[in-house]
Structure formats: C-alpha cells, structure tokens
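At position 156 of the sequence shown the residue is numbered 140 (the numbering used here), and the sequence of numbers has no breaks.
As a list, the in silico BS3-like pairs of lysine-lysine whose alpha-carbon atoms are at most 30 Å apart:
{"no.": "1", "residue 1": "K113", "residue 2": "K204"}
{"no.": "2", "residue 1": "K223", "residue 2": "K174"}
{"no.": "3", "residue 1": "K204", "residue 2": "K182"}
These are calculated hints, taken from the structure and not from any lab test.
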Amino acid sequence: MANSINSTVSFFNFMTAAIAELSSAGHFRTAETYTSTLRSLKCYTDNKDFLCSEIDHVLVAAYENFLTVKGMKRNSSSFYMRIFRAAYNKAVARGMARPISPHPFSTVYTGVDKTAKRALTIETISKIKNIDLSKSPSLIFARDMFLFSFYTRGMSLVDMAYLKKNDVKDGMISYTRRKTGKRLFIRMEKCMLEIIGKHSSPDSPYLLSIISHPTSDQRKQYLSASHIINRHLKEIGKKADCGMILTMYVARHSWANIARHQHIPVSVISEGMGHSSESTTKIYLDSINNSIIDHANHSIIESLYLDTADQ
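Turn these sequences into a full structure, and let the hints guide you.
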C-alpha cells in the first residue's frame, strides 16, 4: 500500500478536480462548499500550493489558528475544517495522501455549537406580515418569500425556487426536498395562493419568480436571489424589531418552534419538515397520515391570522 501513494499531487489541483466532479454529478451545493474552502485555504497560504501528502497535524492546526485570528466564529471555522477534512479523506482514499494516526484533524474543532436563537413567536411573524412595505416592491417580495416558507412548513428557498406549476395538483403542492430526497405533500392554503398570484410569471414553468429566466443559468439566479432576499430580510427584521437577524432559515425554525409550542407531536413536526435523520421519531414517520400534518399546518396559519385580527 505504501508504494501506491502518489506523493506529488497538488492539493489545489486535487480540490479543483473534485469541484468539477461534484458539479458534473449535480452536487452543486457541495461543490460550492469545496470552492469556498479552497478559496479560504489559498488565502491562508497566500496562494502557495502544497501537496496532498503534506497535510499533517501542524498544517491543519495552523489553518484553524488562521481562521480564529481572522475573527471567524467557531461554527464557521468548523465548517471549513470539515470540508478540508473531507477532501483529505478523499485524497487518502485515492492514494494521493498517506493516512496518519492519529488523524490530522483529531485536534481541531469540527463540531457544531448550539447557535443563537433563530425562532420567532407567532406575534412577531404577524408583525412582519403586517408591516407597511408599500414603498419597496423588493422588500415586499422578500417578505412574501419568507411568509411562503413559513406557510409551507419551513420549505427551503432552494426548494421554493425550483417549484414548478405542475407541482400543484388537486389543491396540493408536491415536491422532493433537494437536501434529503424526501417527497413531501402540502395542502394549499389561501395565503399561499395569494403569494403565488403576486409572484408568478405566466411565461415561466416555475411557480414563483425566484428564477426569472428559465433558459439562463438557473443555479446562478437562485444564488443571486438568495443573497438579495436575505439582505432585504435583514432590513425587514430591523423594521419589525425582531431582535435577531432575519433570514429565510428563521421561517423554517420558527414554524418548528411554534408547532412545538402548540403541542404538535415532535414526530408530526419532523415529518412535516421532511427530516430524514430524526432518530427518536423515525419509527413513527411512515405511519403518519398526511392529513394530520396538513391539519397541524392549518392550525399554525390560522393562529397567525387570529393574532392579526386581535391587533
């Protein structure tokens, strides 16, 4: 095995090839994380390449220290370390780096710390829904995308972007989560139809106008829209005095927390959000009737409108 190690492979070239492979296989999100990590490593080394076979405890620890000195938070640093580790493991598997014991990443942090609160109350969601944004169509669009995510049990923006008109049939939205491959069904509610009516182009196959030009680079359009929407949500969050940075992820997190506070079983919440790794609820998921989830979602949306009526 020792004789089969090719110790002359450039790590930057290896990463570039891995990014191309991931993109060709349609794993665009993973390719983007590799690209970000490669860019960060080039910054660390001042663009000086190194060999896959040169990755060791010293190099890895020094890179982590570089990220810390830059002021990067622990979870952000851990993100880069995990991608770096994945690339190293791939290089080892392909005979381009020598396996080291203990593992060169064994002394750096690759976990995930509990993040700050990201969930809003139903009262704050209502405040966001009713805030006057009439002078800014771009803020209205961002707010509507946030609300659509909340209404659809925390649907991610990427899944919203690729929803097609033919995904709506017989009063139901059906789609496959890009993250987990799980198929989900959501009963259409009046509030969802209102947003679709405002933000759907008659000439596009897509349900929402997140991807505006279907014949152009769709992934690039989605990423651009994601950046713009989250930037506008940050502004909306300040206007609504949310007490946190408002992002699309907050809609998903808020739906889950509000559902929990309304005593909806964790198993139903997990199924409703399309989770695939909830070990404590996994044995229940297949037996849950979708109408139970629809009822739970309808109850949450109703509570939002009841709160609005009381204002």
